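S.K.: The lines below spell out each chain.
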Amino acid sequence: MAPHERRQVAVVAFGQSDHLRTTDELSEVEMLMPVLHEVLAATGLKTSDIGFTCSGSSDYLAGRAFSFTMALDGVGAWPPISESHVEMDGAWALYEAWVKLQTGEADTALVYSYGKSSPGSVRDVLTRQLDPYYVAPLWPDSVALAALQAQALIDAGETDEPALAGVASRSRTAAAANPHAQLKGPVAQGEYAVRPLRTGDCPPVGDGAAAVILAAGERARELCERPAWIRGIDHRIEAHGLGVRDLTDSPSTRLAAERAGVFERPVDTAELHAPFTSQEVVLRKALSLADDVAVNPSGGALAANPMMAAGLIRIGEAAARIHRGDSDRAVAHATSGPCLQQNLVAVLEGETRV
Amino acid sequence: MTSVPSPEVLRAPLVVEFPFTRSLGPVQSAFLTGLRERTVLGVRTGDGRTLVPPVEYDPVTAEEIRDLVEVAATGTVTTWAWNHEPRRGQPLDTPFAWVLVRLDGADTALLHALDAPGPDAVRSGMRVRVRWAAERVGAITDIACFEPYEGEAAQAGTAPHTGAFDDPVTGIVAAARLDYTYAPGRAQSAYIHALSDRRTVGERCPSCRKVYVPPRGACPTCGVATAERVEVGPRGTVTTYCIVNIKAKNLDIEVPYVYAHIALDGADLALHARIAGIPYDEVRMGLRVEPVWTEGGRYPDHYRPTGEPDADYDTYKELV
Ligand SMILES: [Zn+2]
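As they're listed, the protein sequences go chains S and V.
Reading the first sequence from the start, the letters are residues 1 to 354 in the working numbering.
Reading the second sequence from the start, the letters are residues 1 to 320 in the working numbering.
Because the hints were derived from the structure by calculation, they are not lab data.
It cannot be assumed that every hint is accurate.
Said to hold, decoys possible - Pair by pair, the computed Cβ-Cβ distance ranges are: (1) V:Pro13 / S:Pro162: 40 to 48 Å; (2) V:Pro117 / S:Ala177: 39 to 47 Å; (3) S:Pro251 / V:Arg22: 48 to 56 Å; (4) V:Glu282 / S:Thr69: 33 to 41 Å; (5) V:Asn250 / S:Pro34: 39 to 47 Å.
To be verified - Here chain S is said to cover these stretches of chain V; the calculated rule only asks that three of the stretch's residues, wherever they fall, bring their Cβ under 8 Å from a Cβ of chain S: (6) 19-29; (7) 278-286.
Note that this is a predicted model, so its numbers are computed, not measured.
We put the CB at the ideal spot given by N, CA and C, even for glycine.
With these hints in hand, go ahead and build the complete structure from the sequences.
M.R.: Written out as structure tokens, the structure reads:
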């Protein structure tokens, strides 16, 4: 669809939980509900006003089949609502909602996602998303796979350990101003987790939730003073075999960015879903980010990485900067799978201020 | 509205195990059977590249590919990561390197473990060879790991291979186990705590005033938090039921028995439980029942008739 044929859709509200190492006292829906109520309150909408609802989460994190149905209690799933779910990060739920709004069947959408990593071992849980024939039986954990990518980057001369430490430090220093972040302010680089990655190169493990409201056209202007218009959005995937890919590059991110229109004009902000420091190196290159772009002013996934929500939070954080007037044109990126396997890129813009 | 302070958070171990049985296509079958026979097979793409491990569709063009070739059991490390703390299920239980290895004759790399004395003994570009598992069954773990190898390629280039073996492996069992510590959250913890005192509590929605049992912390109709705790029952009314005629595995309840929806007095949602203390064919809608706890039981074992007259249909028709 050519851009001029699209409906203009904007993020009009964003909310997120405080991301914490554990939230034993709360069920998923109890953790999620304040966040849902926050975005509804920000727009004045009630759940019954929402045209389409889409969520992202994972049964493997919950250790329970159809776990998302419990969370549906939080959105008032009665009378029957138009609703969908992705077993992925909420950024992909947002993409589905954006498509739904493009069809004209809805003018508003509620997108939410959540993940509690605390009940299990997220490093083990994530092995279950790998190729079940050749890879999963070896139980390579998420940190190990990221470390292979980091070493490939070091061998290629694209980064080194001090540079990675710099990414960690910059991110967590930025997170000091983010009330929701799990790790704030300087954090020691620590020991090797899986060499060459140190604990400081890895994201915190924690629980959290996020929600956004999308609205189309005039509805967006009614609901938000300065809507964050989604000018383009696209997602692409790499071959699933790690040994087939060039781990030092992310052609899928670059292609998604091209399709989303990132390269048409400079951006001032980039919210990148790079759970590991080394992945920021790959993404900066794939997105050709200029040095003066504010990268992860929220602290990014190195400051809080609630599984299934961290990608949606990147879109939300970019939108919130536009809402506040801190950004005019931002790129938001979300990833899923090992070593940046799947990548979603969105361009968000605020209207020119007078 | 009375907001009740949270009782102590409940936690319990939760183990999820699944032995997924997966069938193999012709290419994967040949590859895994080959490993059993100490033969490493790749597959040739339309543009002449050799993929190891092999896949059935070209990752670039998505064309089906089937031309198998044999590659060497020696190769070169393309990248690595030192794993000083092996985790459950990983190939070695002593510190090892994760490696991507491009076998001689292949254009892509295979993920596995490298047995090496320490990180200083590993580098990208180093030469390695397969260490075969003593017992091989047709699985990726038939490669026990890689080990350093200074010699020449065990074989130059690639040779076409039919992929035919005696007694081919046609499936794998992908066993998995994940361990969790389950915490049911505020509302369900309160429900479970109350049950241990032989009380049943629900929560009332501040908006529609319905009382949910068991409570989950939210009203699914209104999408708001439920916070007002309400004691319901202990007596209730059978709203509907079924007669179970098939004995479940590991269940010592004699069939036939009755499983019913029971609307506890004061609740706006029926919960389900077994009915006993009455012949199965005498259970009926409207039957008044009460819970029966066994010694030390943490929830009602079953419900039995109270002996009261049946409830009038109009009193529970909204809950059927
Ligand atoms: Zn209600």
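S.K.: Compare the structure with each hint and give your call.
M.R.: Hint by hint, here is what the structure shows:
{"no.": "1", "hint": "V:Pro13 / S:Pro162: 40 to 48 Å", "in the structure": "42 Å, holds"}
{"no.": "2", "hint": "V:Pro117 / S:Ala177: 39 to 47 Å", "in the structure": "46 Å, holds"}
{"no.": "3", "hint": "S:Pro251 / V:Arg22: 48 to 56 Å", "in the structure": "29 Å, violated"}
{"no.": "4", "hint": "V:Glu282 / S:Thr69: 33 to 41 Å", "in the structure": "35 Å, holds"}
{"no.": "5", "hint": "V:Asn250 / S:Pro34: 39 to 47 Å", "in the structure": "41 Å, holds"}
{"no.": "6", "hint": "19-29", "in the structure": "holds (count 4)"}
{"no.": "7", "hint": "278-286", "in the structure": "violated (count 0)"}
Of the numbered hints listed earlier, those contradicted by the structure are 3 and 7.
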